[in-house]
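Novice: Here is how the chains run, residue by residue.
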Amino acid sequence: MKAGHPLLEVSGVTVSFGGLVALDNVGVHVDEREIVALIGPNGAGKTTLLNVLAGATAPNSGTVSFRGRRIERLPAHRVNALGIARTFQSVELLQRLSVRENVMAGGVARTGLGLGVSMLGFGPPKAVEARLREQADEFLGIVGLSQRADEPAAILPAGQQRLLGIARALATGGELILLDEPGAGLNDIEKTELIDVIRRLRDNHRTILFVEHDMSVVGQLAERIVVLDRGRVIAEGLPDDVRRSPEVIEAYLGQPAAAAGARPATARTPADARPLLNVANLSVRYSGLLALDDLSLTIGTGEIVAVVGANGAGKSTLLKTIAGFVPTAGGTIGFEERTLNGVRAEEIVGAGIGMAPEGRELFPTLSVMDNLTLGNYTRIRAAGFVNLLFRSRRLQQQLDRQLQTVFELFPVLLERRGQSAGTLSGGQGQMLAIGRALMSAPKLLMLDEPSLGLAPQVVSQIMATLLRLRDDGLTILLVEQNARAALEIADRAYVLAAGKVVASGSAAELAGDKAISEAYLGWEGARDTALSAGEPAVEAAASPGSR
Amino acid sequence: MWRIGAFTLLIVALWFVENNYVLNLLVVIALQTMSALGLSLLMGYTGQISLGHAAFYGLGAYGSALISMRLGLNPWLSIFAATAIVAGIGWSLGWLVFRLRGHHLAMATLAFGVIVYVGFVELHDLTGGPNGLQDVPIFTVLGTFLDSDRLIYPLAWGACILTIVLAHNLVHSPKGLSMRSVAENERVAASLGQDVSALKRQILMLSAAWAAFAGGIWAHYLGYLSPNPFDVGFSIKLLVMVAIGGFANIWGVLFGVAFVTILGQLLKPFGFYDVVIYGLLLVIVMVFFPNGLLDGLVTLARSAVSGLRGARA
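Those protein sequence lines, which keep their order, are chains Z and V.
FYI, numbering that gives the first Met the number 0 numbers position 455 of the first sequence as 454, with every residue one higher than the one before it.
FYI, numbering that gives the first Met the number 0 numbers position 89 of the second sequence as 88, with every residue one higher than the one before it.
Any given hint might turn out to be false.
A short, non-exhaustive set of chain Z residues, derived as facing chain V with CB atoms under 10 Å [what the hints assert, rightly or not]:
no., residue
1, G54
2, V78
3, A80
4, F87
5, L92
6, R95
7, E100
8, M103
9, V107
10, T110
11, L112
12, G172
Derived from the structure by calculation, the hints contain no laboratory data.
Just so it is clear, CB atoms sit at the ideal spot from N, CA and C, and this is done for glycine as well.
Please build the complete structure, drawing on both the sequences and the hints.
Specialist: Dropping the structure here:
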């Protein structure tokens, strides 16, 4: 840490959304010409903190000072005018503008050009335009995009989109550049280019604070790391120290769910299970970003299969693709005897795949009962339109049976069946989300981050319920960041990194494998693609006694 | 710019047409184009919906008429006074409604349109109620009354072409980039230092002023006013014109206005049912020609031509 006045000083910042505390008394500082990484597991509050710094979110309490000036109550455009520029997690290019126009749009506000004068076809607006164009070309030169200045921004590949986002932020005259996941979705060559550009910025007297999940980028760039978990700063310091910190490792890998005892001795292997879901060579792209890359996995009937990996590894995309929300760019998804590629989402539910999505996605104004009934919609609809108005007796019986199953699993939902879903606690909400998915009587239940934001006891309870469901014959695909909890109940697991399967095997084997901690916290992979052995931090993470 | 030159020549040439019906239609097209262009800047270029634009047109018309009648101001002055007042109303309305977005903004502007229309009908002492205002002063130039289509034509089209030039310059200036970034993504625009709400207010103010000026010309040209032309139906009609033009396309808007105005003449036999046809038209254009009818037809024609070429080859 350098002496002197920090460029940015954050202290005591608290942000809550409704009842959820996103940032809890956060204090961070950034010195001039530093490159600081802000890391932490999903839901830690990193983007929220970035939003506070950029003026997009006002904190409930606490202060943010930039060059000694308080900025926490200023709107985003004023914060930007003071010299803080940002990029977005999803890049957010102005799609209908050209590459150069995107950068020029970043510079307009600084010119202070008025509305009236802009309607003259000569004089000031033309001069300003020429100046903006010149500046834009300069910034495009810095990020190496000069060649593509006249192309539409929308057609750039992922890596160049990120670079354009940075050039646009530079054009606003920012001195402190906030980057939200600059490395997400980039391939190795693109990452190297990005890292070069960011270093060049620092050499040009810019200060960088970046949020990143990709540890290879963090490892190569960061001079200092700040780690957030559940809205609090849990560690801060030099990269290697932070990575060895037991708190950090625990924050990333999660705590064991302690659902032990419920786990049957005979873990089923794929050999003796008939495959229910068969994903082969699946690729998915989001406007150029490769989210899933030639991914294959199988799930046998009656198995719990966990998919673990760091944020941005492609876990949720995998589930959404199977559920039919995201189109495939290649490969096939086989379920039982049929192929699910191109099948509409509601038909996939009808085919027997239920999903409890990330963040639960309940209908907050509807009652618990209504939420559950809606989970049964495809069945009711399949029985004929009239049944939406009057359910036949057979259907009602079937609905009641399904409700009973759910209420047996989660008695609390029965107690609260009349309450609106928005008033449930996080754990109850997760139970309702699972219950709603079960209402369609699926053969395969997919869960996306069921433990997200929940207390450890609640996580154990939910994991134990999943085991019960499995024992009743249900097949479960569980996506989790909380790898330890997931591996404890799963039969088999796949480890995802950058849209690829980097390791797979029985959960018991994987639980002790360094591949997992490497997928979350490793950055050796960038220098040496083979996972190097004998890395002390990794072993500390892998040994169960490390907490 | 050559387009504007060529277009001006065309308009000058059309002035010599010996047909009052055609001239009258052209004057109506000029005035409605001014209003529709403002709406296009607001909706197409800045991404903010307004379902109450007829109100600005009406306020300009009633405002200028009343100022000249009650205060005895010359129409040439009252029209500028009314335009300034309506611009102020537009700015204040923006301050009020731009905390809303999407459907809510649509509802709020619609409500504004309805309130203003009800005002025209119900404020008997001021507006004459449903009977409207009689004997609105007519523009004079050197003692000549501009009381015919042929005489008002240069004023209407002069103002309209000026509006086209200003709009064209604005959207091609750096400010136009700001507008387009606000339309695409307000969060990003704010992160780039742009004061999003101020910009939206300015554009609403500008588009209110243009509509008001057109309304003023209309009032002093007809010589009488009644509330009916300024109802919500006219707001919707302006929306259809802009939609047919492709929202963010200045020449497209001109085409949209001409198309809808001429269609309106053909639909006269349908009486009040013409609204149904406008509605249908809007749906068809939005679904099949999201970039506007002009653009859609050009694309169709191009593919037909290349199809023919392909068949010949």
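Novice: Find the hints from earlier in the document that the structure breaks and name them by number, from lowest to highest.
Specialist: No hint contradicted; all consistent.
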